[in-house]
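Number of protein chains: 2
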Amino acid sequence: MEIGPYSFEEFLKVVESFHGHQSPGVILGGFMVSYALEQLPRGILIDAVSETPACLPDAIQLLTPCTLGNGWLKVINLGRFALSLYEKYEGKGVRVFIDPAKLDGRPQIRNWLFKLIPKSEQDRDLLIAEIRQAGRSILGMRPVRLKREHLGKTRRGAISNCGMCGEPYPERDGLVCRACQGQSPYV
Amino acid sequence: MEIGPYSFEEFLKVVESFHGHQSPGVILGGFMVSYALEQLPRGILIDAVSETPACLPDAIQLLTPCTLGNGWLKVINLGRFALSLYEKYEGKGVRVFIDPAKLDGRPQIRNWLFKLIPKSEQDRDLLIAEIRQAGRSILGMRPVRLKREHLGKTRRGAISNCGMCGEPYPERDGLVCRACQGQSPYV
Chain A
248 MEIGPYSFEE
258 FLKVVESFHG
268 HQSPGVILGG
278 FMVSYALEQL
288 PRGILIDAVS
298 ETPACLPDAI
308 QLLTPCTLGN
318 GWLKVINLGR
328 FALSLYEKYE
338 GKGVRVFIDP
348 AKLDGRPQIR
358 NWLFKLIPKS
368 EQDRDLLIAE
378 IRQAGRSILG
388 MRPVRLKREH
398 LGKTRRGAIS
408 NCGMCGEPYP
418 ERDGLVCRAC
428 QGQSPYV
Chain B
248 MEIGPYSFEE
258 FLKVVESFHG
268 HQSPGVILGG
278 FMVSYALEQL
288 PRGILIDAVS
298 ETPACLPDAI
308 QLLTPCTLGN
318 GWLKVINLGR
328 FALSLYEKYE
338 GKGVRVFIDP
348 AKLDGRPQIR
358 NWLFKLIPKS
368 EQDRDLLIAE
378 IRQAGRSILG
388 MRPVRLKREH
398 LGKTRRGAIS
408 NCGMCGEPYP
418 ERDGLVCRAC
428 QGQSPYV
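Top line first, the protein sequences correspond to chains A and B.
This note's numbering puts the first residue of the first sequence at 248, with every later residue one more than the last.
This note's numbering puts the first residue of the second sequence at 248, with every later residue one more than the last.
Hints were generated in silico from the structure; no laboratory data involved.
One thing to keep in mind: the hints can contain errors.
Copies of the same chain look alike in the list, so a pair counts if it works inside one copy or between any two.
Claimed, not checked - Pairs of lysine-lysine, DSS-like flavour, derived with a Cα cap of 25 Å:
| id | residue 1 | residue 2 |
| --- | --- | --- |
| 1 | Lys362 | Lys394 |
| 2 | Lys394 | Lys366 |
| 3 | Lys362 | Lys400 |
| 4 | Lys335 | Lys366 |
| 5 | Lys321 | Lys366 |
Next comes chain A alone, as it looks inside the complex (with noise of 0.2 Å):
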């Protein structure tokens, strides 16, 4: 079972590498995200939503031109472990989600993903091999198109310097900076 341009076990490795130990939810999300690529065209550009700020951003990160940095990734907290890849400019792509109705006889995947027993309580080895086997078989897949107010880029327009902390902002924020404002998240 490959995960992208990766073997289970390189992507393992890559995974620990960028999000710091062999991430369940990350794992998983790797089979959602190469799900979801293998349903659109080639060639074209893609943007992704994760429906969580949890895990699955890492995996868009790691197997498609998506960061978060660059845009093409944003994360729209929907509260469920699901993503979308579509392309750019119409926002015409799919859904990956997880199928609850298909987690029969996956235990440590259902005790994992609706929180049934301690996370301390919870054998990693064992839930990573029962995602190796479950695979794309406990996902969903649909069809999606994005809102039109989801599509393009965001631009800031002009920017100078806030009158208080004396930092380059958008203008369009306000007479002074976010921050300013009082939404720092500083002492």
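Once you have looked at the hints, place chain B on chain A.
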């Protein structure tokens, strides 16, 4: 001039491979991240905030253990080209930013940062050469401490199947999942 474990030339290749092209923002971000990393004690667990979704998240993901998917990198969009790295539990660390007062004699960087000329008219190679020459001389750095509410992991609580779409979602999001509440990006 080194950027993390890479020579400048090596880092250009790493950026191109991950981000898709030799992005000035990610390259400058490389100087910012390595500057910040040097201020922190060795052996601590680091979390990161990028104050913009543009470019900097990729520099952070390439040079630290923090990724979007493992939750150690957060984007708090303040519109400023700045980042902070800090010890995970106490939130003490440093913030690195571009200091506009240090941009004299850096016309390419100024044109790019303040978007004074259209991107198509900017000379990418000249800009990257200027970023290389400038390195951290155009940066500012100050100690920061993160507010308590930004520390620690976000717990999603119990998971069950959504009564509408049938997919697993965090119960605390409501009676049905956020997508079925109308937040779906799909037509």
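A quick look at each hint next to the structure:
Proximity of Lys362 to Lys394 under the C-alpha cut-off of 25 Å is found in neither arrangement, the shortest distances being 32 Å within a copy and 29 Å between copies. Within a single copy, Lys394 and Lys366 get their C-alpha atoms no closer than 37 Å, and across copies no closer than 28 Å, so neither meets the 25 Å cut-off. In the homo-oligomer, the alpha carbons of Lys362 and Lys400 lie at most 25 Å apart only across protomers (16 Å), although the nearest pairing inside one protomer, at 37 Å, exceeds that limit. For the homomeric pair Lys335 and Lys366, the shortest alpha-carbon distance between copies (20 Å) is at most 25 Å, but the shortest distance inside one copy (37 Å) is not.
Taking identical chains as interchangeable, the C-alpha atoms of Lys321 and Lys366 lie at most 25 Å apart only when they sit on different chains, with a minimum of 23 Å there against 28 Å within one chain.
Comparing the model with each earlier hint shows violations of hints 1, 2; every other hint is respected.
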